[in-house]
Amino acid sequence: MEVFGLVLTYNHLLLTIPSIALAGFVMLGLDPFRLRDFEVRALALIGGVGPLIPMLVFANACFHGQCTGMVPIFTLKVGESTVALALQMDPLAALVGLTVCVIGAAVILFSVAYMQGTALPDLRRFFALMHLFLAGMLTMVLAGDSIVLFLGWELMGLCSYLLIAYNTTSAEAIRAGRKAFIMTRVADAFLLAALLLLFLEANSVRLDHLIPAGVAAQDGMRPIIAALLLGGAIGKSAQVPMHTWLPSAMAGPTPVSALLHSATMVAAGAVLLMRFSPIIQAEPVVMAIGAGLGALTAIFGAAAALFQQDIKRLLAYSSISQIGYMMLAIGVGAPEAAAAHFVVHAIFKSLLFLSAGHITHHSPRGTDIMAMRGASQRNPLAFLAFSAGAASLAGLPVITGGWWSKEAMLGAVWGVEPALWTVAVLAAVLTAAYATRAVLIAAMPDPGSHDGHADHDDSHDTGYTLVPLAFLGFGALLAGGLVEPIMHLLGAHVPHAPLFTILVASIAPLVGVAIAFALAYVPALANGLQRARDIARRTRRRPRRQDKPAGFWVRIALAFSRGLRIDTLYQIVFVWPFVKLVRWLNGYGRGVADPAGNLPAMAALRLQRAITAPFAPDWIDRTWTAFGGRILALWAALRRLQTGRARDHGLYMAAGTAGLLLLAWGLTWH
Amino acid sequence: MALIALILLPFLGGIFALIAGKAEPTAARIVAVVFLFCGVLALAWTYQHAEAGRWMMMTREPWAPAMGMSIILAIDGLSFIMVALSLALGLLTVVLSWNATDRAPLLHATLCWTVAASNGVFLAFDLVLLAFFWELMLVPSFLLIAIWGHGDREAAAIKFLIYNAIAGLGLLAAVFWIGASGPTVSFDAFEVAERGLPPTAQIWLLLGFALAFMVKLPVPPFHAWLPDAHTQAPTVGSILLAGLLLKTGAYGLFRFPTLLFPQGMEVLAPYGLILGAFGTIYGALVACGQTDAKRLVAYTSVAHMSVVLMGICGGVHFSLMGAGIIMVAHAFSASALFLLIGAVYDRVHTRDLRELGGLQRSAPRFAAAFALFFSATLAMPGTANFLGEALVITGMFQVNWLYASITLVSLVVSVVYGTRLFQRIVFGTPRKAQVTVDLSFRELGPVVVLAIGTLLFGVLPQFLMTGLDPAVNSAVEALRAATP
Amino acid sequence: MTEDSFTALMLLSTALFVVGLFGVLARRSILIQLLSLEVALAGPSLAFITAGARHADAGGQAMFVMILILAAAEVALGLALYLRLRRTADGTDSDSLSSLRH
Amino acid sequence: MATMGLEPLAVLGLAAVIAMAISPRASDGTTRSIAALGLIAALILAAGSQGALTSALLTGDAAARFGTGLCCLSGLAALAILRPASAPREAPALILLATLGASVLSGAAHAATLFVGLELVTLALIALTVLPRSAPALEAGYKLLILGGIGAATLLMGLAFAFAATGELTFAAWSSTDRLVALGAALLLAGLAFKFSLVPFHMWTPDIFSGAPAAAAIVAGVASKVGVAIVLLRLQPQMPATGIWQTGLAALGIASVVLGNLQALRQPSLPRMLGFSSIAHSGYLALILASGAADTAQAVLFYIATYAPALFAALAAAAILDRDANLTGLRGLVWAQPLTGAVLTLALLSLAGLPLAVGFWAKFQLFSALAQAGTYGLLAVAILGSAAGLYFYLRFTVTLFRRDGVDFPRPPHWQEAAVLLAAAATIVGLGVYPGPLYALVTASLP
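Residue numbers (my numbering), protein chains in the order written: chain A, 1 to 670; chain B, 1 to 484; chain C, 1 to 102; chain D, 1 to 446.
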């Protein structure tokens with residue numbers, strides 16, 4: 001069949017995957033039929049779950065070795081170059097696409113119940129944007145050329161902005177959205193530069209031409225392209241030093257955080273690097289930088305998460321940290337392991353967000369970590385789901401999916417750079433600690449639940465919420481079985497690390513759990529933490545307030561947390577930023593929440609303000625105006641010449657005549 | 001003759017609209033639409049009867065042979081696209097001002113005349129004729145601002161005309177020099193191109209031409225008229241200014257320097273690039289600090305048109321093509337933004353970003369339209385704006401990496417001003433002015449047309465590219481031939 | 001006519017012209033200004049006569065007659081104006097007639 | 001029929017005598033009709049006559065006919081906008097006399113005719129100026145008298161010098177390179193510059209425009225300027241190429257362009273602004289003359305011919321508005337009196353040199369002449385002057401469109417309306433299709 005010069009084949013059904021979501025966006029966005037509440041939800045469900053069906057078909061074929069490959073859509077001619085747009089279905093696309101579809105379907109299913117009671121226009125907007133995001137993400141994943149890839153990439157950024165700022169009356173949410181948009185846009189600029197340079201190298205936009213051309217690039221072009229790609233990935237994936245937008249992006253609704261800002265969009269940077277890994281792997285320096293930044297991010301994120309007082313921010317830092325792992329794996333040349341972790345992380349992180357969101361929904365404390373208290377009584381199923389997710393995040397050995405994928409990555413890291421491995425293991429300890437801390441808090445009885453009957457309002461424990469929670473919960477635990485098939489699918493093997501590294505990596509989460517228990521149940525430590533928390537909270541409200549010297553136990557608690565820095569030799573490299581970051585993150589000293597994270601952003605804002613403020617009155621315009629004023633002053637002076645007196649006028653004439661005579665005299669002088 | 005009709009039909013439409021409006025005020029708009037539509041038909045006829053080769057159609061008629069002037073009109077893909085744009089925007093503005101009550105016949109006539117004059121610029125290849133239409137175009141726009149504008153409209157109108165007419169003097173002087181330089185007095189651009197001009201003279205002449213074009217474009221530091229003119233102009237005026245008048249500057253730069261002064265262009269293009277790079281960043285930075293919505297969009301126009309200048313001065317295939325596409329894309333997106341801001345202004349009588357807000361709650365259709373064109377301004381992929389910017393950046397990578405990075409930086413800054421405009425109007429709670437009435441169907445029609453244009457050319461730009469290709473190719477070849 | 005007397009007469013006529021011009025510029029009374037104008041016109045008259053004599057050309061005399069006619073007409077107009085002006089303004093100070101300025 | 005080329009002058013003189021003779025008795029209408037008939041007859045004769053009179057005093061060549069025709073047109077325009085209420089009966093006769101003087105000037109080839117023509121214009125102009133007998137008119141008249149006297153004396157002095165040196169009263173005298181002739185040329189230039197209102201001999205011009213009736217301004221602004229311009233064109237080839245003539249004209253021209261435009265910049269009164277702008281336009285003409293371009297004559301004649309209708313229209317509008325013709329009084333004119341307002345807009349755009357108005361082609365001629373001659377300095381001055389000119393013309397244009405209009409006392413009289421319409425038709429017609437005018441001008445070279 002031929003439409004608009006496009007020869008349609010069975011493979012073009014690939015187009016339906018993003019198109020279903022896009023159609024959902026169009027229907028909900030334009031609302032031509034004036035849908036009612038129920039219809040909006042139904043449509044949301046269709047648009048959210050719909051892409052999964054063709055995706056399953058194509059991915060299944062791909063898993064069985066019959067990948068569709070490139071599916072050309074249409075071709076543009078730009079002078080002598082051709083821009084051939086295409087989609088492609090290869091193992092990576094199948095894997096990531098399927099994950100996105102599954103998580104997307106689960107989150108939207110969850111949202112249908114979670115967003116109950118929202119005004120109809122807001123509901124439509126929410127689901128329309130979620131669909132648009134899904135379409136964008138799937139487009140990016142399935143892209144067979146750089147243009148389509150960038151289209152999806154940018155659509156995600158736009159949706160992220162609009163969804164973070166979903167609550168349009170909250171100044172904080174709007175600010176957060178803008179911050180996220182601007183910071184990711186910087187990364188987008190890097191990516192765009194890289195893609196365009198590749199286009200110039202290959203004279204084609206097709207990925208199967210671009211990547212070999214990039215690998216073969218000469219004249220110092222390859223390191224630049226590789227570095228630009230890395231820059232793009234770092235920004236989108238909220239890696240140090242461009243991570244600060246992610247915690248503040250938690251101002252968006254919980255399902256948004258679950259889908260965009262943990263499982264899929266944020267991890268897209270890692271996906272991008274997996275896609276372009278041949279180019280990255282050809283540049284050892286760039287790889288090393290990527291790995292270093294990944295490791296730094298992993299440990300920084302974990303440490304920050306440990307001291308968070310807001311469950312969503314805790315999870316955000318956790319996402320940063322986990323994607324740092326993926327970057328690390330890519331940096332050491334194991335993108336397959338990163339892909340495996342991408343899948344597992346997507347499952348448990350969306351699970352954590354959804355269950356935490358479910359637990360804290362309608363809580364008077366908002367998303368404060370203390371709102372989790374009493375979850376084990378109020379929402380036992382959600383608590384179980386959360387615990388499963390946390391266990392997977394912590395990487396409890398053998399029984400959780402997280403352990404398997406992390407092990408695959410750590411094994412790869414070990415094989416390349418034990419120092420990075422050590423960092424990663426330490427990050428794993430912290431990861432376990434903060435994950436367990438959250439679970440412990442959730443397990444605590446809620447002091448306010450004795451008199452509150454509204455707390456037992458379990459009206460949301462409907463199938464819409466429980467099905468995705470249960471599904472993801474089992475997934476989080478059992479996904480370990482997927483790791484090896486995934487790596488085989490992508491053409492790699494699970495690295496065989498020395499036994500002792502496996503042991504160490506397995507003990508690490510347990511250490512973390514122990515630390516968490518210690519922090520919760522050793523009174524001195526708990527009180528210290530509590531005091532630290534209080535100090536943090538007070539100084540956050542009133543930044544200039546001078547606190548009394550902290551008490552003995554508090555100092556012990558703080559010292560203990562500081563003591564973490566001497567645990568390993570390599571960690572010393574990161575100690576200084578770590579301690580500073582921990583202090584700043586908790587609002588010590590300077591008293592600004594997350595000061596380290598805000599510093600680049602603040603500097604950028606300050607710089608922007610410093611630059612734009614003098615420009616606002618437009619000095620060029622002013623110069624011109626001044627010039628005009630000068631002319632007018634001249635006019636005012638000249639008009640005085642016209643005195644109106646005949647004698648003066650006569651004098652001018654006489655002077656003029658004299659001048660002319662002199663001129664004539666001079667001109668005839670021989 | 002079809003080419004002459006393309007100029008005459010809108011012109012006569014204006015006159016007849018005025019006459020019809022004397023008898024029956026509502027008849028004017030119908031007359032205007034009919035004549036503009038006839039213009040569209042004439043354009044379609046041109047397309048049908050296009051000849052193979054570099055020019056789709058060419059007309060030569062005597063005008064004032066003793067003065068060396070004749071009517072030489074020619075159309076190629078570039079001109080075709082521009083004329084189509086001008087007719088479309090003309091129709092759109094007439095529809096938009098359908099229910100205008102304030103001197104409506106004159107308003108519709110003025111709109112028609114603006115279209116006629118800019119069509120003249122897009123088609124003329126006799127240099128005097130070009131200068132004639134170039135200056136003529138200023139008059140109706142001047143009236144648009146001076147009669148139907150807001151605030152201090154007189155000053156804005158004078159500023160607009162002074163800047164542009166003075167710049168036009170540069171064009172005039174250069175044209176006369178060219179006319180007098182040959183064996184016989186002749187202003188035929190093709191003949192001049194064939195004959196070739198001495199290289200040193202080319203530089204000076206190009207400076208004269210470029211002055212006129214760059215003020216109209218406008219490129220900093222010649223842009224100061226634009227924000228005032230845009231701010232004080234009525235909505236339809238802003239649309240024609242952004243959609244049409246700025247494009248005549250871009251068109252001029254696109255067409256004539258490489259046609260007449262390839263060697264001069266070779267020498268001056270690097271300076272044009274510097275100016276464009278400066279303008280891109282400057283416009284964007286200034287836009288970030290604006291509080292008046294229209295002013296903000298005006299400064300974004302400065303930034304985007306500076307990118308066009310960079311594209312043209314880049315002189316490689318990609319950058320020229322990108323410049324051409326931005327010309328079209330910006331016509332859609334900026335017009336739409338002006339339309340929307342104008343509609344807001346009609347409702348609440350303020351454009352102050354500090355007083356606006358909350359459109360998303362009270363007027364969702366408004367908000368959706370804003371979101372679309374806001375993303376177009378940011379050069380979101382899928383809009384024609386992205387395609388143009390991406391091509392220009394690609395070209396810049398071939399020319400000089402510095403300029404490519406500057407353009408990329410401007411892409412980042414565009415988010416700063418874009419979100420500022422968008423969220424101050426659409427998000428939050430209204431501080432003073434609450435828009436309660438959503439877009440009416442009469443406003444929605446043009447918005448939808450512009451939206452379709454933006455998205456269609458963003459996704460299926462082949463038509464544009466094929467159309468622009470001959471002009472781009474001959475520009476590139478002329479530059480290549482001029483390179484020593 | 002000798003060359004010397006020609007030069008002397010030309011100088012005299014130039015002097016007449018200059019004196020008349022100076023009178024117009026220096027004096028404020030309208031009447032005196034009109035008188036000075038007549039003196040100034042006498043300069044070219046004398047020059048034409050002188051030149052006519054030198055070249056034996058009657059054209060010089062013809063020009064002289066025409067200048068006389070002009071001078072008469074100008075005086076007539078000037079006096080009429082003077083009479084009119086005295087009703088509205090100070091006839092002794094032409095500088096007071098400066099409402100049209102700038 | 002063998003014509004002698006003198007017929008238009010004869011008809012004008014005859015009509016002037018008749019009009020003067022019957023003016024004490026006959027009604028105003030009759031006098032005007034006779035004057036108008038005389039002007040029209042002279043116009044037809046000038047257009048139709050073929051013969052080339054060649055005498056020592058007068059030439060009847062194409063340039064003279066062109067000048068006579070343009071003078072007659074301006075006379076008609078002046079006649080039409082004479083205010084019926086206040087105009088004394090002598091006015092038509094004076095207009096005829098001034099027209100006659102200007103026509104004589106355009107045919108002058110001899111010191112005597114030059115002098116007679118010039119004085120005819122000046123004296124008639126003075127009389128015309130003082131006719132309203134208002135204080136400003138008397139003042140303007142007096143100043144014109146005194147300054148005109150000085151100017152005439154200077155001119156005569158120059159003529160006398162040249163005569164003394166060469167013994168020649170025709171224009172051929174000026175080709176001598178004698179120092180006395182050069183000094184004479186300087187004095188002649190000063191005298192002519194006075195009539196041509198070049199800086200610094202320009203002071204009377206704005207007074208005439210604002211103090212005198214608009215009819216006088218038309219005579220001063222068009223008729224006398226045409227005559228003097230043709231005299232300048234005739235003198236041009238006689239003058240030694242490197243003498244005072246070119247340099248002096250260039251200096252005066254630059255001064256006029258700069259000062260005229262600058263003084264008009266914020267001038268609130270329409271006629272006064274037109275006065276200053278006419279100084280600037282004279283300056284442009286002087287620049288063309290000074291450039292020595294090959295087609296100087298075409299450019300000069302074309303420029304004056306395009307300048308005339310715009311000035312007619314603007315002054316007609318000023319006459320209609322009378323004392324209110326200033327920035328505040330002009331507010332909203334387009335809405336209150338569409339005809340006057342629209343034509344005034346056209347006229348101002350034409351003066352500013354924007355297209356579709358014939359002024360664009362005037363600017364075209366100016367620039368192309370200067371560009372052809374390669375005098376880039378003068379070209380730059382002309383460009384800067386035009387740029388400044390845009391500002392003050394547009395200031396008035398914008399005012400016409402303001403919403404907060406004022407009341408206007410009276411609608412245009414039919415004669416004034418006729419002038420307005422004719423001027424508008426000329427401005428637009430020639431603006432779109434300048435070919436015929438250019439052909440006419442090319443056929444009318446001296």
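Read the hints as simulated data drawn from the structure, not as lab findings. Glycine is no exception: its CB is placed at the ideal position from the N, C-alpha and C atoms. One or more of the hints may lead you astray.
Estimated spans, in silico, between C-beta atoms of each pair [as the list claims (entries may be wrong)]:
#, chain 1, residue 1, chain 2, residue 2, range
1, A, ALA626, B, ASP152, 11 to 21 Å
2, C, ALA8, A, GLY629, 50 to 60 Å
3, B, ARG54, A, THR82, 40 to 50 Å
4, D, THR242, B, ASP152, 18 to 28 Å
5, B, LEU455, D, THR442, 54 to 64 Å
6, C, ALA56, D, ALA241, 44 to 54 Å
7, D, ALA443, B, GLU61, 22 to 32 Å
8, D, GLY435, B, ASP152, 33 to 43 Å
9, A, THR75, B, HIS49, 26 to 36 Å
10, A, ALA633, D, PRO88, 13 to 23 Å
Against the structure, test the hints numbered earlier, and report the numbers of the ones violated in rising order.
Violated hints (numbers, rising): 3, 4, 6, 10; every other hint is consistent with the structure.
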